[in-house]
Amino acid sequence: MYDNDRIAVTSRSFSKNTMLRNALLEKYSHVKFNDNDLALSNQELVDFLKNTTKVIAGLEIFSDEILSQLSDLKVISRFGVGLDGIDFDALKCHRIKLAVTPGINRLAVAELTLSLMLMLIRRSFFSSLTLKNYQWKKIPGEQLSHKTIGIIGANYVGQEVVRLLRPFECKILIYDIADLSHFCKTSNCKQIDFDTLIQESDIISLHVPATKKTHHMINTDTLLKMKKTAFLINTSRGSIVDQIALKHALVNNEIAGAALDVFEEEPLTDHELISLPHLIPMPHIAGNTVESELAMGYAAIAGLENAEIPADLKVSRPT
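So in the working numbering, the last one in the sequence shown is 1278, and the numbering has no gaps at all.
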């Protein structure tokens, strides 16, 4: 039992999980949970973390302005895999350690990605919605087998998607900034340039981190280059897709459909986008399975003691 640390949990999902709460309380005497189910930011975050030495954090923004007000904070352990909103220079400046476990929820995200592929290509989601509106209408779909799948970003999740697609004997195209020639050779994939992947794929699936370079990677120009029969899936980060451009493309039938688990602003308030008939919207659940939540939680607890200064972490490609 650690008696000297003052632990705070900002993550709402962690705070609601009885097994994770008990596991944390078995190790630490002084723990505060986010039991009010609040999305903490700015001054609310500072107030919640006052006097805290270590935090299990969700997707809160930890800027230099925030960290400057948390003089007791020594460790941030991320519940999840994303590094969005963490100012690494500020962490180094304030000598705050960081723990993150890249790829720990990759199977959960990959499984949802595969299910979205099947729902889109078979049009099963749209058929179900039609029947719920009391219309017995059979909407013909296509088989996923032998289709051309474009994977943009083939690190943890992207490679797991490739593995799950093997029984379907798809032609798999990969775009990634890293040289994945060995992976492609052993996985029967082909690494190609971005534009060719966009133009040739029947389904495009995004698995890249949120960076300046990936911001609006999918925009008006890329959507126009896609096949009109193609589908887009995003289970990575909302900023990767220009939502206004995507909405225009869906309204004007420039692509066949899309499935989004992430959005530029969450919770999503664009009711026009949600109601589009060829969109499958999800409330950011790709990584949220019982198994992955526990794995992320236990990793976050362990991270309170094995965190490192960011300069020592290998976190350049977290997706």
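Just so you know, the hints here were simulated from the structure itself, not pulled from any lab data. Keep in mind it's a predicted model, so treat the numbers as computed, not measured. We put the beta carbon where it would ideally sit given N, CA and C, even for glycine. One thing to keep in mind: the hints can contain errors.
Distance ranges between label pairs, derived from CB positions [claimed, not checked]: (1) 1147 with 1188: 51 to 59 Å; (2) 1070 with 1212: 23 to 31 Å; (3) 1228 with 1187: 41 to 49 Å; (4) 990 with 1093: 28 to 36 Å; (5) 1081 with 960: 47 to 55 Å.
For lysine-lysine, the following PhoX-like pairs were computed, each having C-alpha atoms within a straight-line distance of at most 25 Å [said to hold, decoys possible]: (6) 1149 with 1187; (7) 1130 with 1091; (8) 1206 with 1091; (9) 1206 with 1172; (10) 1149 with 1206; (11) 1144 with 1171; (12) 1172 with 1149; (13) 1091 with 1106.
Okay, the hints, checked on the actual structure:
1. 1147 with 1188: 51 to 59 Å: Cβ of residue 1147 to Cβ of residue 1188: about 24 Å, so the range 51 to 59 Å is violated.
2. 1070 with 1212: 23 to 31 Å: At 29 Å between Cβs, range holds.
3. 1228 with 1187: 41 to 49 Å: Violated, at about 29 Å.
4. 990 with 1093: 28 to 36 Å: 51 Å, violated
5. 1081 with 960: 47 to 55 Å: 53 Å, holds
6. 1149 with 1187: Holds: residue 1149 and residue 1187 sit about 23 Å apart, inside 25 Å.
7. 1130 with 1091: 34 Å, violated
8. 1206 with 1091: 24 Å, holds
9. 1206 with 1172: 22 Å, holds
10. 1149 with 1206: Since the Cα atoms of residue 1149 and residue 1206 sit roughly 30 Å apart, the hinted pair is violated (cutoff 25 Å).
11. 1144 with 1171: 30 Å, violated
12. 1172 with 1149: Satisfied, since the Cα-Cα distance of roughly 23 Å is no more than 25 Å.
13. 1091 with 1106: With Cα atoms ~29 Å apart, residue 1091 and residue 1106 exceed 25 Å; violated.
Violated hints, in rising order: 1, 3, 4, 7, 10, 11, 13; the structure is consistent with all others.
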